[in-house]
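Make the full structure from the sequences, and use the hints.
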Amino acid sequence: MTTDQTAGLPPSENPVIGGPAPLDTVAAPLDTGTAAGGRSNLSVLSRAVRTGQARLGLALLAAVGLLVVLGPFFAPYAPDAIIGQPLEGPGGKFLLGTDILGRDVLSRLLHGGLNLSWMAILAAGLGVFLGCLVGLTAAYKGGAVDALLMRAMDVLLSFPEIIFVLLFVSMLGRSTLLTAVLVGVAFVPGVSRVMRGAALPVIGSEYVLWAKANGLPPKQILVREVLPGVTSPLMVETGMRLVWAVSAIASLSYLGFGIAPPAADWGLMVGENQDGLSIAPLPVLAPIVLILMMALGGNLVAESVARTVGRTEGKR
Amino acid sequence: MSQLTTRMRIRHRGSPPGPKNATIPWLVRRLLVGVLVLFLVSVLLFLVTQALPGDVARIILGKDATAEQVAGLRQQLGLDQPLLGQYWHWLSGVLSGQMGTSLENGEPVGDIVGPRMFNSFTLGFMSLVLILPLAVIVGVFSAYKRDSALDKAFVAVSSLFTALPAFVVGMLLIAFFATSVLGVLPGVSNIPPGDLPWWHPAELVLPVTTLTLMGVMYLGRLVRASFIDAMNSEYVQTAILKGLGSRRILFRHALPNAVAASLPAASLVAAVTITGVVVVEYVYSYPGLGTAVVSAVNSHDLPVMQACILILATAYYLFNLLADVFAALGRSR
Amino acid sequence: MGKEVEVSGVTVTVDATGNDIVQDICFELGRGEVMGVVGESGSGKSTLALALLGYARKGATITGGRVVIDGVDLLALPEGQLRRARGSKVAFVPQDPATALNPSLSLATQLTEGLRLPKREALARVRGLLETVGLPSDDAFLKRHPRQLSGGQQQRVAIAMAIAAGPRLIVLDEPTTGLDVSTQARVLEMVRDLCREHDMAAIYVSHDLAVVADVADYVTVMYGGEVVESGTDRDVLIRAAHPYTRALLAAVPSATHRHRLVPIPGRAPGADESRHGCVFAPRCDYAVAECGTTRPELVPGPSGTSARCLRTDEVARTPRVLPRPHETHVVAAGGQDLFSVSGLNAGYGGRQIIFDVSFGLDRGECLALVGESGSGKTTMSRCLVGLHEEQEGVLTFEGRPIPAPAGERSKETRRGVQYVFQNPYGSLNPHRSVESSLVVPLQHYFGMSAREGRKRVREALERVEIPSRLADRYPAQLSGGQRQRVAIARALVCEPKLLICDEVTSALDVSVQASVVELLRSLLADGLSMVFVTHNLAVVRSIADRVVVLSQGRVVESGATDAVLTAPSHPYTQSLIAATLDVPEAIEPAV
Amino acid sequence: MLRRPPRPGPVVVSATPARRPSSRLLGIATGAVLIAAALAGCAPPERAGNSGGGTLRIAAATDPGESLNPYASNQSPTQQLRSALLYEGLTRLDHTGRREWRLATDMTANADFSEWTIKLRPGVKFTDGSDFTSADVVASIKYLRDPAHAVQGLAFIEKIDPKAVEAVDGLTVRVGLSEPFAPFKEIWANVLLPMTKAGSVPEKPIGTGPFSVKDFAAGRQSKLERFDGYWGDKPQLGGVDIIEFPSQQAQANALLSNQVDIASGATPTIAKSFAGKNGIALLDSKGDFTLRIGLNTTVAPFDDLRVRQALRLLIDREQVVSNAFGGYARVANDHEGGTPQCVAPDIPQRKQDIEQAKRLLAEAGQSDLSFSVTTDGLLPGMQELAQVFSENAAKAGVKVAVNVVTVPELLSKWGQWPVFIDFNPIPYLPTVIGGLLPGRVGNATHWDNPAFVGLADQLFLAPEHEQCAIMNQMHKIEHEQGTTITPAFVNVLMPHRSNVRGLVPDVNGRPLSFLTNVTVES
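Residue numbers (this note's numbering), protein chains in the order written: chain A, 1 to 316; chain B, 1 to 333; chain C, 1 to 591; chain D, 1 to 522.
To be clear, the hints were calculated from the coordinates, so they are not data collected in a lab.
Mixed in with the good hints, there may be bad ones.
[What the hints assert, rightly or not] Just the calculated beta-carbon pair ranges, DEER-fashion:
no., chain 1, residue 1, chain 2, residue 2, range
1, A, Lys93, D, Arg330, 22 to 30 Å
2, A, Leu178, B, Gly78, 27 to 35 Å
3, D, Ala394, A, Gly91, 21 to 29 Å
4, C, Asp472, B, Asp147, 37 to 45 Å
5, C, Pro467, B, Ser246, 49 to 57 Å
6, C, Gly134, B, Ser246, 28 to 36 Å
7, A, Gly143, B, Gly72, 48 to 56 Å
[Stated by the list, open to error] Cut-off 30 Å, straight-line C-alpha distance, at most; resulting in silico cross-link-like pairs (DSS-like, lysine-lysine):
no., chain 1, residue 1, chain 2, residue 2
8, A, Lys219, C, Lys411
9, C, Lys58, B, Lys152
10, A, Lys212, A, Lys141
11, A, Lys212, C, Lys411
12, D, Lys277, D, Lys223
13, A, Lys141, C, Lys411
14, D, Lys351, A, Lys93
15, D, Lys163, D, Lys125
16, D, Lys125, D, Lys159
17, D, Lys395, A, Lys93
18, D, Lys277, A, Lys93
19, D, Lys185, D, Lys476
20, A, Lys219, C, Lys497
[What the hints assert, rightly or not] Residues from chain A shown here face chain C by an in silico Cβ test under 8 Å; the list is partial:
no., residue
21, Trp210
22, Glu225
23, Pro228
In this text the structure is predicted, and so the values were computed from the model without any measurement.
Heads up, the beta-carbon is just placed ideally off N, CA and C, and yes, glycines get one too.
Have a look at this one:
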């Protein structure tokens, strides 16, 4: 088994691209160039949210989010109750039919997003937090510390993420928490490189030099001066990592490295029911659609934030 | 003066210092660091695989074996030596091409891994050969027809693929082309041992398509963005003001720069494609490094596992390094 | 028979808002004549330059007017013919050749591709052109890529590229802005020669009055997207009839004599503001009620220029107020060195940049460090404030030696030596409000809470003439000059003894520069000492007491400002001063 | 064969790398790339045509650890599938489960069953053309009996005294036993006990089967060709390709896209999804193949019979059959299957009885029992069985978690798992010997029931006509006191292309051992 944490996009690093999402940049059309108006991050977010793409993304995320949170209350059956014949068609007693063990697909769908959600959030959060820590420290300290940290990241980066997770899961045993943490750790090198790249110009900028020249404590400089300067790439990175985490964790569950079987989980459902794909597509396709909605929603939001950032800050 | 130079700290920020002659030493230094990184990769890999649960000798011999038998085997395998010695033995083996023998069936690891590496790299290479030009064509066309229905469709589809796990893509492609709907292509891509992959073109179609789709959707987006950037650049404005024809502006002025700007990303896509074969191989049962590493992890075959992962990690790292180099060269311009 | 170039009614409109960035531009130009277009940032001069080639940037459209060159109206041509006209009839020299030349094509390709000639002929022609602009013409040079050239060489290549197809008009958009004075002087001379030799008209767009004065036969002054005054260079620069032109002239420092600079109050209009009446009225000393409602026409005025002003007569009658010559600042008695540098060496990446530099500074004195780019002056200033890592030498502050790195200096030293940066856009944290930026040092040095600091912040802002209502703004909401003042205020709240100003005015428009220079001058009067790092001799003349001239990391000359600038002894200083341009000094009273 | 962990022969090889010069990986890589460049565009070499009769392409599960050695321990179904075509034993069980003579034509015992004389079939040739003689049988038995070889079939023949095995003449072998053993004839049908040419094992084993090895790549595929010197009915097929796939899904896909002719493993769901598909038929072998849940008696509370019986009462056998096995199974009654000659006794069918189970658990003080059942999911239905059991047990408040582990992990702690899923495909007698008596590797529940052991001892001494009655009593003890929950007898499902003719279902679940009349129509 194998995983695909790649999920299509290099989860890896983008030394140059600045952020993982493709950015479209539009040059400021006028030579006046003095765009007034605040530059606070909230405004980036709110501007991003105003694009149709982001609205679609948010709508998708909201729909999936509601399903995940409220779903269990509306599920007609217990998620692991065997209440019918295997692979019954949709309709009648079972709105979406039954799975290969004769469990209600709808109920499993409604229960099956919670684990994926918290695992993805934990993984992305951990990856972004640690990556940010490493990236900013490397960028700020420079010199030997920078070289050391970044080469250490290179070492980690050299393990394709899926293999990294497989290796450690087989070393430490399977558990949802471990899988989420491992996916998060696998994100660290990528995030740290992006964050270091984003932080370097900020750290070289004159207001940070001013703070250094006045002997402000490094921690304060990093947290109060540098961090606000990299929130935009940070937001983009968080969004994209969330998407990849969803993909990766769903893939791991599909391969049996995530949640233990009787529990309902979207990735696991795909794996369990794929044998019956040709006669009962719903138990496979329905969770795929939900995973896709979740990932696509996150992706759309992250992309439009990235684009708004590109447009307003002229970064590419 | 000499006193000064000794006191001056060399600051290495990871980018070439000067535009011209300094690039070569920088490159050499970067490669040396690369060797160091690969060395550390091998250390980490060795430690992690050694830490896998279970006594290898016990796993081989089974529970019926006596303590003496286990001890004897441990000695034969060198497991009784200190970790450092074991590592050195392994590393010197790897460097001289002797990667030991499989714990599973006693075959030399080279015999198992060699052909599979060739299969994997063939798959990755063929995909790359398709990805690179296709991504450029799609990206440029989409950027050129910016905001047209086609462009929007491409952007939407690429977002979709970005969010789609590879196993889903593979599964759906199999269902559509091989098993359920059309039935025109083989659903598994078994390359018989001893055969070269391209003797079985039909078997290669779906795995190559999967990798290519994912790669083109990602890289095409980046090419599109850099092409839009290039078209908005000052030098394109200069070219327009020089009165050049739009074809020349497009192909001689914007395209090379857009492609150059996408090179680092392309290297990363290459890295991901080479290692992405792991997933795709599993989905299509293609006999490559990916299936080998999964099976070795499942059966605890340390030498095979170590060899496969080392190869994949090296390839991955080299492409990442290439991306760094391209990025740095780009910056130095 | 009209002139070679006739421009009338050119208007460029922003697609999104329908506002005009450039409105109703008219002028004429004969063969071999050079027209200087002067304006501050936001005046629409670059947009106009592009419009003269029938081109508007994305998001804007040329909505009216004629650009007739050699009898052909470019703006009326269909796409294909317009393309052919570009290059052959009218050519463009961009502001920043580093970005305007294609990084991935060789010089040969870029120079020949617009020529529509067989390769061999094209190459021969290009070699000739390169020699004309003073560049090598061998194959090795032609094979180079733009990044392998220096800034001056790139600009010459851009000029050669523009004149390659023998255009009748060449439009130069700030072509010397990024260049050193000596390079600039050579480029200007070349432009003049080329126009004369090729009998070609040129439009030279610049923010720098001195440059325009040097190169142009005619001067057009733009403000807020309109031509406010136009005429021969002497008429405009000496007998200006428009209040804006006059104000601009009063704000320009002179390299030859010291005078007080007069800033223009207020802020230039943005392109997206719709306007009524005279566009300069809100900032104009002469404005009357009518100016706010009636849009003046560009009409010939009494002093020989055409001016867009309702009150030309009154303006022309008023003698131009000569700014009061400013006495050399009297150094406070005592003579004790406040700050000194001796035997300073510094390098970067192992390469030495600063060689054995020594100088000292008295209390209340303003010392100017002058040098061209690459002279090491920025490294120098960073060494002083402790931000440079590879340095060696002895620094003293108030008579005591201080360590080189900022981190090792005492809090008192750090507080006493404050630094103001070149780039007003980078010196303030964009994510902090003005007040928050100023509170940071107060908390750091005086342990004040945000509340306690507020009063001090208001005082400091008042001192730099920033209205306290702006305290809640973010840097992006401020103009460049305002930001630089806030940066100065941030230094002031530390109650420093020494202010190190690194090219603080180089990114600012003249009128804004004037206000910052005057602010600094008043700070000097308060007893603050200052190291003023700059490449601009005129600014040096107007503010510095003493000058240290740096060349390639070495001090080549130092001494009292007037002595050094008036009678330089070192050849380098001499050449620097010779290359420095000045607005004509003779100010004749109006009729 | 019962599942046993020991891993085999390759050890010796792997421990002495010097014997086989390991190829140089880098050399291969660069060489391969160069060759590839040279060959790019070249067509594959002409394949030698088959000797006629067509080739049957069988999809099997990947086994990277496989070898040609039929005596290796820890053999996978794939290796056994191939061994059955390459090697023969003295006897075999036909597809109805009846014993038939193969390399032996008769076996006779002395009065107390302590010495057996085996008559061998004349005219049998090994695939290398040499004659099969008594010396080969003696060598094979001695090899099998040597503990150093750790062969998987050792348990079945451990009563043989290796020193007392001798060739009487070219076609007669006398086998002396350390203890009397009556059902001697029954054990030789096991696929783990074939006869090979003396001295050929383990390096290059030579057998007498209807096929010989043409090409073998461990973990990838093996090509077999018809052995024209075969003594018995020659197969009509010219050859057999066994192609290995990492999952049953892949096997099914390969079958659907006509890359193989038959899938040797299919989940019930796959089988069901093929129903009604054009060109695909299902070979459904009903037999006594059991999947069972083992309860380790060395771990509390499974040492308590009440707890074991309670758990046996909890499982809903009908649901296991219909939902875990998609109907391709029949209900079992907590004992192993019988044989065609000796059908299982008529014990009342145990049914789900939650109340009774609760009572028993309460008596044992285990009302809120909670444990996890471990499975490696090796065979279709294992995970599903675990999940159905977990669901059923929940009805009595017993919490059962499903713990899915890798195959090596399951084997590395073999005998230590408290509750695990196991399978048994072989007839009753070898099952008793290998998996139900104490101390056997296959007995991972460590069941030690004196009454059962006593009956087994009787069985080993009883003449043939008394054996059935004893076995029936043993079944009853299993049912009443055993340590496994045996809910169902599972069918072995092999979907195949319908142009494959002549396949027969096999009660022992290995229908691919019977290829004599199989043809592949083009």
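Evaluation of the provided hints:
no. : hint                              : result
1   : A:Lys93 <-> D:Arg330: 22 to 30 Å  : 27 Å, holds
2   : A:Leu178 <-> B:Gly78: 27 to 35 Å  : 31 Å, holds
3   : D:Ala394 <-> A:Gly91: 21 to 29 Å  : 28 Å, holds
4   : C:Asp472 <-> B:Asp147: 37 to 45 Å : 39 Å, holds
5   : C:Pro467 <-> B:Ser246: 49 to 57 Å : 51 Å, holds
6   : C:Gly134 <-> B:Ser246: 28 to 36 Å : 34 Å, holds
7   : A:Gly143 <-> B:Gly72: 48 to 56 Å  : 52 Å, holds
8   : A:Lys219 <-> C:Lys411             : 17 Å, holds
9   : C:Lys58 <-> B:Lys152              : 20 Å, holds
10  : A:Lys212 <-> A:Lys141             : 12 Å, holds
11  : A:Lys212 <-> C:Lys411             : 12 Å, holds
12  : D:Lys277 <-> D:Lys223             : 28 Å, holds
13  : A:Lys141 <-> C:Lys411             : 21 Å, holds
14  : D:Lys351 <-> A:Lys93              : 27 Å, holds
15  : D:Lys163 <-> D:Lys125             : 27 Å, holds
16  : D:Lys125 <-> D:Lys159             : 29 Å, holds
17  : D:Lys395 <-> A:Lys93              : 22 Å, holds
18  : D:Lys277 <-> A:Lys93              : 28 Å, holds
19  : D:Lys185 <-> D:Lys476             : 25 Å, holds
20  : A:Lys219 <-> C:Lys497             : 28 Å, holds
21  : Trp210                            : 7 Å, holds
22  : Glu225                            : 6 Å, holds
23  : Pro228                            : 4 Å, holds
Going through the hint list in order, the structure satisfies each hint without exception.
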